[in-house]
Structures are given as structure tokens and as C-alpha cells.
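Trainee: Using the sequences provided together with the hints, build the complete structure.
Protein chains in written order, with the numbering used here: chain A, 1 to 451; chain B, 1 to 186.
No lab work stands behind these hints, which were simulated from the structure alone.
Bear in mind that the values here come from a model prediction, so they are computed numbers and not experimental data.
Keep in mind that the hints are not guaranteed to be accurate.
Unchecked claim - Here are the computed lysine to aspartate or glutamate pairs in the EDC-like style, where the Cα-Cα straight-line distance is at most 20 Å:
{"hint": "1", "chain 1": "A", "residue 1": "K446", "chain 2": "B", "residue 2": "E53"}
{"hint": "2", "chain 1": "B", "residue 1": "K70", "chain 2": "A", "residue 2": "D413"}
{"hint": "3", "chain 1": "A", "residue 1": "K204", "chain 2": "B", "residue 2": "E136"}
{"hint": "4", "chain 1": "B", "residue 1": "K48", "chain 2": "A", "residue 2": "D101"}
{"hint": "5", "chain 1": "A", "residue 1": "K236", "chain 2": "B", "residue 2": "D39"}
{"hint": "6", "chain 1": "A", "residue 1": "K446", "chain 2": "B", "residue 2": "D39"}
{"hint": "7", "chain 1": "A", "residue 1": "K97", "chain 2": "B", "residue 2": "D39"}
{"hint": "8", "chain 1": "B", "residue 1": "K48", "chain 2": "A", "residue 2": "D337"}
{"hint": "9", "chain 1": "B", "residue 1": "K70", "chain 2": "A", "residue 2": "D434"}
{"hint": "10", "chain 1": "A", "residue 1": "K205", "chain 2": "B", "residue 2": "E136"}
{"hint": "11", "chain 1": "B", "residue 1": "K48", "chain 2": "A", "residue 2": "D96"}
{"hint": "12", "chain 1": "A", "residue 1": "K97", "chain 2": "A", "residue 2": "D413"}
{"hint": "13", "chain 1": "B", "residue 1": "K48", "chain 2": "A", "residue 2": "D130"}
{"hint": "14", "chain 1": "A", "residue 1": "K366", "chain 2": "A", "residue 2": "E68"}
{"hint": "15", "chain 1": "A", "residue 1": "K446", "chain 2": "B", "residue 2": "D62"}
{"hint": "16", "chain 1": "A", "residue 1": "K86", "chain 2": "A", "residue 2": "D337"}
{"hint": "17", "chain 1": "A", "residue 1": "K98", "chain 2": "B", "residue 2": "D39"}
{"hint": "18", "chain 1": "A", "residue 1": "K98", "chain 2": "A", "residue 2": "D115"}
{"hint": "19", "chain 1": "A", "residue 1": "K270", "chain 2": "B", "residue 2": "E136"}
{"hint": "20", "chain 1": "A", "residue 1": "K281", "chain 2": "B", "residue 2": "E136"}
{"hint": "21", "chain 1": "B", "residue 1": "K70", "chain 2": "A", "residue 2": "D426"}
Each chain, letter by letter, is given below.
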Amino acid sequence: MKRHLRLAGLVASVAIVAAACSSGGASTAPSGAASVPPSTAPSGGGAELAYKGEITFWNTQRDIENVELQKQVQAWQTLHPGITVKTDLVPFDGADKKYTDAANAGTAPDMMRADIGWTPTFADAGMLLDLTSYFPADFQKAFLPAPMGTAIYKGGMYGVPQVTDALGLQCNKTLLTAAGLTAAPTSWDELVSAGTKVTDIAAKKYGFYMNGDSYWSQSFIWGWGGTLFTVNDQGKITNIGVNSPESVNGWTYLKEKVLGTVAPATWDFKTSYDNMNAGFKAGTTMCIMQGPWQVADILKGAAFTDPTNLVIAPIPVGVNGKTGSPVGGHNWVVSVDVGKNADKAAAVASFLTFMTAPEQQAVLAKSLGLLPTNIAAYAIPDVASDPLINQWNAVLAAATNRSGVPGSSGIYDSFTKNFQSMIIGDLTPQAALDATANTWQTTVFKNQMAQ
Amino acid sequence: MRSRSWVAWAFMAPVLLVMAVIVFYPLAVGVFQTFTNIDSTNQGTRFKPPTWEFVGLQNYLDILTGESTKFYPVLIWTVIWTVVNVFFHYTLGLLLALALNQKFRGRTTYRMVLLLPWAVPAYITAISWLFIFNGEYGLLNNILGVFGIPSVAWLSTWPWYYIMPIIVNVWLGIPFMMVVLLGGLQ
Numbered sequence: 001m002k003r004h005l006r007l008a009g010l011v012a013s014v015a016i017v018a019a020a021c022s023s024g025g026a027s028t029a030p031s032g033a034a035s036v037p038p039s040t041a042p043s044g045g046g047a048e049l050a051y052k053g054e055i056t057f058w059n060t061q062r063d064i065e066n067v068e069l070q071k072q073v074q075a076w077q078t079l080h081p082g083i084t085v086k087t088d089l090v091p092f093d094g095a096d097k098k099y100t101d102a103a104n105a106g107t108a109p110d111m112m113r114a115d116i117g118w119t120p121t122f123a124d125a126g127m128l129l130d131l132t133s134y135f136p137a138d139f140q141k142a143f144l145p146a147p148m149g150t151a152i153y154k155g156g157m158y159g160v161p162q163v164t165d166a167l168g169l170q171c172n173k174t175l176l177t178a179a180g181l182t183a184a185p186t187s188w189d190e191l192v193s194a195g196t197k198v199t200d201i202a203a204k205k206y207g208f209y210m211n212g213d214s215y216w217s218q219s220f221i222w223g224w225g226g227t228l229f230t231v232n233d234q235g236k237i238t239n240i241g242v243n244s245p246e247s248v249n250g251w252t253y254l255k256e257k258v259l260g261t262v263a264p265a266t267w268d269f270k271t272s273y274d275n276m277n278a279g280f281k282a283g284t285t286m287c288i289m290q291g292p293w294q295v296a297d298i299l300k301g302a303a304f305t306d307p308t309n310l311v312i313a314p315i316p317v318g319v320n321g322k323t324g325s326p327v328g329g330h331n332w333v334v335s336v337d338v339g340k341n342a343d344k345a346a347a348v349a350s351f352l353t354f355m356t357a358p359e360q361q362a363v364l365a366k367s368l369g370l371l372p373t374n375i376a377a378y379a380i381p382d383v384a385s386d387p388l389i390n391q392w393n394a395v396l397a398a399a400t401n402r403s404g405v406p407g408s409s410g411i412y413d414s415f416t417k418n419f420q421s422m423i424i425g426d427l428t429p430q431a432a433l434d435a436t437a438n439t440w441q442t443t444v445f446k447n448q449m450a451q
Numbered sequence: 001m002r003s004r005s006w007v008a009w010a011f012m013a014p015v016l017l018v019m020a021v022i023v024f025y026p027l028a029v030g031v032f033q034t035f036t037n038i039d040s041t042n043q044g045t046r047f048k049p050p051t052w053e054f055v056g057l058q059n060y061l062d063i064l065t066g067e068s069t070k071f072y073p074v075l076i077w078t079v080i081w082t083v084v085n086v087f088f089h090y091t092l093g094l095l096l097a098l099a100l101n102q103k104f105r106g107r108t109t110y111r112m113v114l115l116l117p118w119a120v121p122a123y124i125t126a127i128s129w130l131f132i133f134n135g136e137y138g139l140l141n142n143i144l145g146v147f148g149i150p151s152v153a154w155l156s157t158w159p160w161y162y163i164m165p166i167i168v169n170v171w172l173g174i175p176f177m178m179v180v181l182l183g184g185l186q
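Mentor: Written out as C-alpha cells, the structure is:
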């Protein structure tokens, strides 16, 4: 309650300042109120918008991220006097349920920052506006294909990618050198053979540390040519491939070649994410699979007081040059009710074009380390000169889409349980993957199998 | 007698009304829904018409006979958990209550300290015990390491992932039992 009052007060004062700063009438030139350079992106700044009033937005970012985002929101508002974007900070956990309830009650916000896993579910429920007609024909091509793919459902564009991430291989350069490598290993075989030189499991020194969550195990499925499931154009599942022979080979490789040799054979699953980070930060683990969201925290570790000691590379290949990393991220989505007001929809489209323009995404990349989804953003000097972001670009190029199907974020419960059973030896890889495929078919995707 | 009973009903009426709306009606709807296949995708929203149907006793049969729902293993574990916890809560609580019933020096201090597990917020308890049992860097493993015993992933290895929560829950519940029994003894 208090936070909303504070936020309302902040937005009100910003609106007053923005209104005071903008020169009285037709001019839309920015008056230097914001620290963001004026946008030269198409239709972000210039055209006069017919809509006047408020646009509501639910943001699931953390406070520190929202502060930076608001600077860009204010810049857009300065370009378009008379329109206010009212942001509500909503905690990420449970935001999808909150949005669903609001949409059903008719009180959904105009815009929402939706996880890519939620976007198809919202679109399938009919809660989102199809944005295809509100943007130029080649708008989609400006974005990286994997994040853009997460916003497409049954041929319509139901979101604009805001930020993307993928798991990459993060390594400690000092330990790589000790293991005889000049760069991060490019294949799992290479990682295992070099990693044994720096591994002493009893002394808690590891060549690699695995997270006990099935999200991390997906690279061992894709790297061996396996798939999770296949979706057709209608959003129906035509095939569940998680227990295919290739997938089983991948998990078998993990269990027999990686665990117990360069990584502990079994470990504490409850705290494995924190332990993985702690060991890497302390400099006792050579390589881990981790995402860009953790980099700021990792650089605080004792082993990375010199940031050049952190090496980021694509996930190693398994067999036949295959690799894959799960893509995560968030999309801007628009409520279907906005479509009833053409002026408001045009205003929202203008806002989204501005916020996803290369310049704006480059600013957030520099200040927060968020990976841009707009391809042109990577060419902007601030971003191009950042060695860490460049390394992530290589990771994204090799990343695989999480298949976007309604309810697909529900696959991980049974997936993780069976993964952990396999690690402690209760189930063979084949049995664990068969059980997973069975649960997906009978429970998670019960109503979505193609007949 | 007769003339008084309507007064009782009059006083209860508002409460019954509120409970009917908040408790009985949702309960009845819930029971009704167990005989259908309703879920979040077919329940009907302002965007899509409802498409759920009656399935009779199918849900009950699925739970009681289906393998994937794991009803029986969970039921068995619940029974074991309850029996073991209540047994240790009561016996250890009674032992401590009997001990504290005697007069000895420092008795008040002991009483205060023994109440601590109950007084500490559950959230703090969970984090602290999680730290103690951490398989990689936890306190318990560190202590065992001094004696040369190798680390164990306490919360991820059979049978410890059954035993450790019991230990923590017993630790949590003894103070309450102890206080109640002490009150009864005095």
C-alpha cells in the first residue's frame, strides 16, 4: 500500500515536471529533462499522437532496474506531452496469476512485462492484443530470432521482446590456464579431459559444478540431438521427444562422464544454485553454466576482482557439433482491450517502438547488463565495446528456443524431480526421461496433444 | 425453554450467514467441481466460453488408482511423519517438563533457553537449519570434516532427507509440549 502511494506521488511529480518542461503546444523537441539521448529511431519521437491521457504498465523488474527504465519512460513522455505512462511495480512471483485475474475482471493494465514462458499462455487465453498490424511490416526482423520467436503464437505477434538471456558457460581464466586451456572449452569432452587436472572432489575443487535443476540439464539433451517436444502451427504438440534415444544419450553422458569425474557425483539439490555460485566466486570451480543475470553478483567474488578473469562462452558441443542453451527473457505484451481504442493502440505502439529501439536498449545494457533483443543495439559503440556483452552475443547465437506453448512453464516440476532421481541413482536416464515424457503427455499437456 | 431458543438462533443468524457465504458455498462448489474436469483453460472467461464437462467419479479413481499421482506413498509418509513427530514431541517434552519441575539453580534460564525454538520465527528457523544442513558448505559437514567424516548432502540423500526434517520439526515442537505439560504438573 505504502509503496503504491509513494509511486503515485513520484509519477505525479514527474508528470508535473514533464508538463512544465515541455514547451506549451505543438513542439515535440526534447528539452533535456532526461539523460537519454534523443531517439533517432523511426516513429519513436516525431509524429504527433492523437491519444491524450494515461497508459498503465505493470513492470516485473526489480527496483534498481525500474529506476533506469523510468528514465526512458520519462524521455518518451517528454516527446509526447499529454500522455502519461503509469508504472506499477509488480513482484515477478505470481505476476502471471495476478495478470490473469485482472484480465478476466477487465482491469488488466494496458501493458505488461511478461516472461516469455507466460506469453503463449496469455495469448491462448485471448488476453493479448495481436500487434502485427500496429507496426511496420519488417518490424520483427529488427529483433534476434530466438527472442522474437517467443512472442509469436499461431502466426500473430503478441509481444515485443524486451530483454533476453540464455545460459552460457562461464569460466575462471586462471583455472583454465592451470588446466592447460587457452580459452573456454568448446566441447564437453574437452571440458572433462582438461577439468580433471584441476579437480579434487574431496577438497571441494571442481572442474565443473552442475545445478540440480532440469532447466540446466536441457543443454545435455540438445547437445546430443534430442528435443523436448515439437509444436505445430496450431499450438498443438505433435511429438514428445524428451525420452528419445538422443536425449537419453545426453543424460547418460552427463551421469557417467561428467558427474563424479570433474563434478561431484551427487550434491545438495536444495541449495545447489547458491553453492554453484559460491564455489565459482571463491575460485574453486573452473566452469559453471550460468546466465547474464548472475554476472553482476559473480564479479563481486574473490576470484573476479579482476573482471577479465571471467570468460563467457557458448555451452560446449556434445556430439556432431550440436549444442543448445535455453533462452529466457521477457516481452512487452499489450492487453486485448487496448485494441478497442485505435488512438490508444497507436500511442502504445509508438511507446514500444521507442523503448525497444537500439539506443534505448544500449543504455540499459550499459547500466544494468541487460542483453538487448534489438540486433542493431549490439553495433552501438557502448555495447560493442563491452567485452562481456560481446561474449553473450556469441552465446545467444548458439541458443535454442524454449518451445512456446501454453502451459509449457509447467514442464519443469516433474522434469526436475526425475532429473534429481536420476542423479542420486534411483532411476536410469531412460527411466527418468520416460517418466517425464509420461507426465507431460498425461498431465501437463493433457489438452494440447495433436490428435 | 422454547421461548429462549429463538433468541439463540437470532444471535447466530448473522454468523451463519457470513459463514454460509464465505465457507459453505465455496465448499459446495468445490465438491461439485470434483465431479468435473474443470481447469484454468476450460473454465470459461470473458474471452472464451466454458468447455468443461462432467466426468463423474473419474477424478477420484485417478487419484486412488493412478500411479502418477503418488497418492499412497504420500499418504504413508504423512502417517509416519505424524506418528514419529507426535511421539518425540510428547516424550521429550514430558522429560523436560519433569526435569524443570524440580527446583534447581539456573532453572529459569533453562526454561527461557528451551523456549527459544518456539519463539524464533519459522522463516529464520528454516534459513538457519538450511545453512546447517547445506551439503557443500554447511556447519554440520564442517564439524564432521574435523573428525574426518566425508560430507553428506543431507537434504538430497536417502534416508537423510526424511530424517532431517523430522529432527528440525521435533526441535521446533518440544517447547510447546514442555510448557503445556509443565503447566499441568504444577
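Trainee: Now tell me if each hint is right for this structure.
Mentor: Here is how each hint holds up against the structure:
As the CA atoms of A/K446 and B/E53 are separated by approximately 15 Å, the hinted pair is consistent with the 20 Å bound. Restraint check for B/K70 and A/D413: the C-alpha separation of about 14 Å stays at or below 20 Å, so the hint holds. Restraint check for A/K204 and B/E136: the C-alpha separation of about 8 Å stays at or below 20 Å, so the hint holds. Pair hint B/K48 plus A/D101 holds up; C-alpha atoms about 14 Å apart against a cutoff of 20 Å.
Restraint check for A/K236 and B/D39: the C-alpha separation of about 18 Å stays at or below 20 Å, so the hint holds. Between A/K446 and B/D39 the alpha-carbon distance is near 11 Å, which keeps this suggested pair within the 20 Å criterion. Using a Cα cut-off of 20 Å, the hinted pair A/K97 and B/D39 holds, with the two alpha carbons roughly 14 Å apart. A threshold of 20 Å between alpha carbons decides the hint, and for B/K48 with A/D337 the separation of about 14 Å falls inside it, so the pair holds.
Distance hint between B/K70 and A/D434 is fulfilled; the C-alpha atoms sit about 16 Å from each other, no more than 20 Å. In summary, the hint linking A/K205 to B/E136 is supported, as the alpha carbons are separated by about 11 Å, within the 20 Å threshold. With a C-alpha separation of about 18 Å, the suggested pair B/K48 and A/D96 falls inside the 20 Å cut-off, and the hint holds. Restraint check for A/K97 and A/D413: satisfied, since their Cα atoms lie roughly 18 Å apart, inside the 20 Å limit.
Of the pairs offered as hints, the one joining B/K48 and A/D130 holds, with about 16 Å between alpha carbons and a cut-off of 20 Å not exceeded. Under the criterion of a C-alpha separation no larger than 20 Å, the hint pairing A/K366 with A/E68 is consistent with the structure, at around 11 Å. Restraint check for A/K446 and B/D62: satisfied, since their Cα atoms lie roughly 14 Å apart, inside the 20 Å limit. This hinted pair checks out: A/K86 and A/D337 have alpha carbons roughly 17 Å apart, not beyond 20 Å.
At roughly 17 Å between alpha-carbon atoms, A/K98 and B/D39 fall within 20 Å of each other, so this suggested pair holds. At roughly 13 Å between alpha-carbon atoms, A/K98 and A/D115 fall within 20 Å of each other, so this suggested pair holds. Of the supplied pair hints, the one linking A/K270 and B/E136 holds, its CA atoms being roughly 11 Å apart against a limit of 20 Å. The straight-line distance between the Cα atoms of A/K281 and B/E136 is roughly 14 Å, inside the 20 Å bound, and the hint therefore holds.
Taken as a hint, the B/K70 and A/D426 pair is honoured in the structure, with Cα atoms around 16 Å apart against an allowance of 20 Å.
Of the numbered hints given earlier, the model fails none.
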